[in-house]
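Peer 1: Chain by chain, the residues:
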Amino acid sequence: MIQTVLNSIPTPNFEYALLSPILIMFAAACLGVLVEAFFSIEKRRFAHLILIFTSLLLAFFAVVLQSGPSGRALVANGTVALDGPGWILQGTILLVAGLSALLFAESKVDPLGDSFASRASTLPGGQEEKIVTKLGWAQTEIWPLFSFSITGMLLFVTANDLLVLFVALEVMSLPLYLLAGLARRRRLLSQEAALKYFILGALASAILLFGSALTYAYTGSLEFGQISNGISSANNAPGLLTAAIALVAVGMLFKVGAVPFHQWVPDVYTGSPTPVTSFMAGAVKVAAFGGLLRVFYVAFGALVWDWRPLIWVVAGLTMVVGSVIALAQSDFKRMLAYSSIANGGFILVGFSATNRPAIAAVLIYLIAYSFATVGAFALITLIREQAGESSSLIRWKGLGKKSPLVAGLMSLFMLSFAGIPLTSGFTAKFSVFTAAVTGGATPLVLIGVLASVIAAVFYIRVIILMFFSEPIPDGPFVVVPSIFTTIAITSSAVVTILLGLFPQVIIDLVSSASVFLR
Amino acid sequence: MIATVIALPALSALLLLTLGKRSNKFGPGLAIAASTGSFLIGLWQFLQMAARPEEERAVITTVYEWLAVPAAGFKVNFALQLDQLSISFVLLITFVGTLIHIYSLGYMSHDENKRKFFAYLNLFVAAMLLLVLADNYLLLYVGWEGVGLASYLLIGFWQHKPTAAVAAKKAFVANRVGDFGLSLAIMTMFIVFGSVSFSDVNQGISGAPAWVSLTLGLLLLLAACGKSAQFPLQSWLLDAMEGPTPVSALIHAATMVTAGVYLIVRSASIFNASEIAQTAVVIIGAISLLMGAIIGAAKDDIKKSLAGSTMSQIGYMVLAAGLGPIGYVFAILHLITHGFFKAVMFLGAGSVMHATNDNVDMRRYGGLSKVMIFTTITFFIGYLAIIGIPPFAGFYSKDHIIEAALSHSWWAGAAVLFGAGLTAFYMTRMVVMTFVSKPRWEDDVHPHESPLSMTLPMIVLSIGAASLGIILTNDHMFEHWLEPVTGFVEPEPPFSIQTITIITLSVVAVGVLAAIWQYRKIAKVAPKKVSLVVAAARKDLYGDVMNEALLMRPGQGLTRLLNIFDKSVVDGFVNGIGSFTGGVSARLRRSETGYVRSYAMSIVLGTAILVVALLIVGL
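Here the protein sequences come in this chain order: Y and F. Per our numbering, the very first residue in the first sequence carries number 1; after that it's consecutive. Per our numbering, the very first residue in the second sequence carries number 1001; after that it's consecutive.
Incorrect hints may appear among the rest.
Said to hold, decoys possible - Keeping only pairs whose Cα atoms sit at most 30 Å apart, straight-line, the calculated DSSO-like set for lysine-lysine is:
| no. | chain 1 | residue 1 | chain 2 | residue 2 |
| --- | --- | --- | --- | --- |
| 1 | Y | Lys401 | F | Lys1161 |
| 2 | Y | Lys397 | F | Lys1169 |
| 3 | F | Lys1075 | Y | Lys402 |
| 4 | F | Lys1021 | Y | Lys402 |
| 5 | F | Lys1114 | Y | Lys401 |
| 6 | F | Lys1169 | Y | Lys402 |
| 7 | Y | Lys397 | F | Lys1021 |
| 8 | F | Lys1116 | Y | Lys402 |
| 9 | Y | Lys397 | F | Lys1161 |
| 10 | F | Lys1021 | Y | Lys108 |
| 11 | F | Lys1169 | Y | Lys401 |
| 12 | F | Lys1114 | Y | Lys397 |
| 13 | F | Lys1114 | Y | Lys402 |
| 14 | F | Lys1116 | Y | Lys397 |
| 15 | F | Lys1025 | Y | Lys401 |
| 16 | Y | Lys402 | F | Lys1161 |
| 17 | F | Lys1021 | Y | Lys401 |
| 18 | F | Lys1116 | Y | Lys401 |
To be verified - Sample of chain F residues facing chain Y (criterion: CB under 8 Å; computed from the structure):
| no. | residue |
| --- | --- |
| 19 | Tyr1141 |
| 20 | Glu1145 |
| 21 | Ala1168 |
| 22 | Arg1176 |
| 23 | Ile1191 |
| 24 | Val1596 |
| 25 | Tyr1599 |
| 26 | Ala1600 |
| 27 | Gly1606 |
| 28 | Leu1610 |
| 29 | Leu1614 |
| 30 | Leu1615 |
Derived from the structure by calculation, the hints contain no laboratory data. From the three backbone atoms N, C-alpha and C, an ideal C-beta is built for every residue, glycine too.
Here chain Y stands alone, though its shape is the one from the complex (with noise of 0.2 Å):
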């Protein structure tokens, strides 16, 4: 009996060689947790740096090879969809946390050493805490838990199942939580951050579950292709289905931080330590609104009229309150996350569009941002006072006094920001706006104009800061980073000009890659 039963279960068909870039990086988690183990103290960091660079390269390089036209496939009996967008959002997350993780590796830049807490389990500003500290202790778990977010991430993007969607996004952001928790200054502002995020990282990932389960019950399938297939056989769009389509959909929208859903993002953004905040305004953006396209193109497309409305108004709001916010904001990572959020409005704005433009214009805006977002975070580490960052704007006035060079890159990803020419923030502006037009978003493009328009005050206003205003007598300093944060800083750099010089080169490479399988 039991015999029959193991019988009827197919056994599952893995490519291992198309899975390979996940199955690299959860490689690495494992062996991480295993250097944890099984390595003296001094040893780990060096070990840990090794084996995530390591890995990192090696998937990055299996994602090459193999995102041609003969690598596209529906894999793992349909629960994963290798296509176009899936490799080149796995590309990308790939790069963008590699500039996280050289962000992770500074250990120059605070005379404490990298941005972590000695100790996690060590009462904030307790005794036993300054002795950690002193002993130049490091938590090295930050490793192992890093290189599980990114397999999350990795399978998130390609999941074309909302199971595997569902175990990849937990994968993905409960190392996160923990990551948010564990910065070396403001531990209190940093922990209470990682606690709300999980609060409401759960309730989000508790209405997305509910909304998978609704969808099973209505089309009878998890897979993606399955429920199109399901949506389309029947005439209209009955309540059950509706209200699956919108748990889905608040689920996902919570990660990408769309207005209502965004109210976490101010508080972990700024209480994170910035490598991490890095990671999540950077890799954690791709991925997240990675798995929002392929779930509403590919599952719910059929129902498009349905909810393309609704994502225009949460489109709408998202840059308008994200744009608006942020003027008020005084402090430069408070104002940052707010610019998240406002950039994600505009990428809802290409999402908006339905359209095969829209794809690749998503996926534009996604390289464009996460690089100068990265870039722009990185630079935030350099400038610092006795207590650790100096985040606060007022105190960044005359800047480019002190150092030309770091005010001056500041200035270019802000100028990236704001949607300068030649810059990528343009290139990216430009497609999703383009990709709206030619969806029949015309108004909702007024709107991102008008909202565009506004967010560059506050860029530019930084600019003013750092370079027509007197500098402070006690402000802050400016540390020279190690190697790590300057190869991060001059990659974003690099990218922020050369996607403005030359954008065709991205345009053309993404545009003949955005068809989902299904």
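Got chain Y; can you put chain F on it based on the hints?
Peer 2: Frame of chain Y; chain F shown alone:
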């Protein structure tokens, strides 16, 4: 080929900036060579173009495909448009630019950061060339921002002076306002026409509804006001005089500030399609030309007085550009002659400052004609040109604008005529106070003529200021030259041309005599008891107050409002719901972070709204 005109100074700037101090020795030389090279290539292009028949003169060169979205049928090329209008600018920019590079060699010889100065000058030349050569609005915008950037860098070049830093900031902010106009205009074009190239917009505008040309016209006018220091965005130009004098001559007199005029003339088809926008341009030009002249007449600072004059002269050009096809050609003609005579006067002012320990107060000049012979003669030629005495260049360009204005309306004509009188007044005042009257120098000042590297550019420019008018208007050459690009209609003034010339010259004579009479005696300190007009003019006619009221206050108010909104309304509202539904929890924690339960509440509410909305949509 034409791309090298831009590439030469751009590469030189890049090289000087990356090499840093290592390029101190050869930096200035390289910068001058790059600028000269640009001029020579430009000249060659001009000769080639002139040799071609009229209909083949305009050439578009695509350097590379910049942005293309095939699926949307939209593309913007990195393409340069070389036609009669743009080559005129190329020659003006590179020629005057090169001379000012040479002049800076002497003027900045003692500055330890001079290679940086030359790098910025090169950067400016490259950006300005991109601005005038672009074949679409988007690329023009890149150049537009580029000249702005170079301008802020150069105004604030002496950053150790707080006034210079403040001036740079002000220029930045005022220009941003204008730039928003331009970027909104470009986005409007993109949405309406699906293209931003000049040719597509020109074609599209004829079939577009009236609101399009009106909106675009007003937005472009706003952009022009910011860049060209026209009312109500004029106040930055006077402060910009904090920059080194060669900068004032090149950027804030001869070239960059005239970009607004270029923009209007280049967008002729848009303005031709909207009479309201055209009238707005004429009004702005008229207000600016009178305001600038009044400010110029009240300032004792020689550079600020010249800056007022620049604003006023650009007012003439803007007004002419607003007149439509009867004015475009003359706007550009005046722009070119002004480029020469104003540059020579600025360089003259720099030479005078060089001689008097960087004093800018005209009340402490006087009698300099005896010690600075070249400076005096060249300045005087510039003076005769600007007040419009035949046969100097300004006579031809300004007289044509007056004719065109008179054929447009009586009030435009009256404004330009009155402006001509004011110009004569403040310029005579300047010449009298600086060169003619009794010496009123500070005790430690020993004026001397400037070195050859400074006088030579002044001499060359003054030759242009003297002769360009005759050369360009001979046999209507310039009208014919530009007509294929801008269109041209012969103005039909209500009086004969001779009558107009006589009226103009009499008005000018009155201005000159009034100034000579008024300034027969000059106090070393500006008199305190003055009329209301003079008092207002000394304060830039309250330009700052106005900007503050129009731009700064609303901005600050908005920010404050947002802050309150953010703190009390958003948080309060959300918290309110949170505490209402989630049970009362009065424990207040640190107030700067929100409550997680209220965030959760917002998510749940949002979900509920989304579900309900979707259900409604689905029905």
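Peer 1: Checking against the hints above, which ones are violated?
Peer 2: 3
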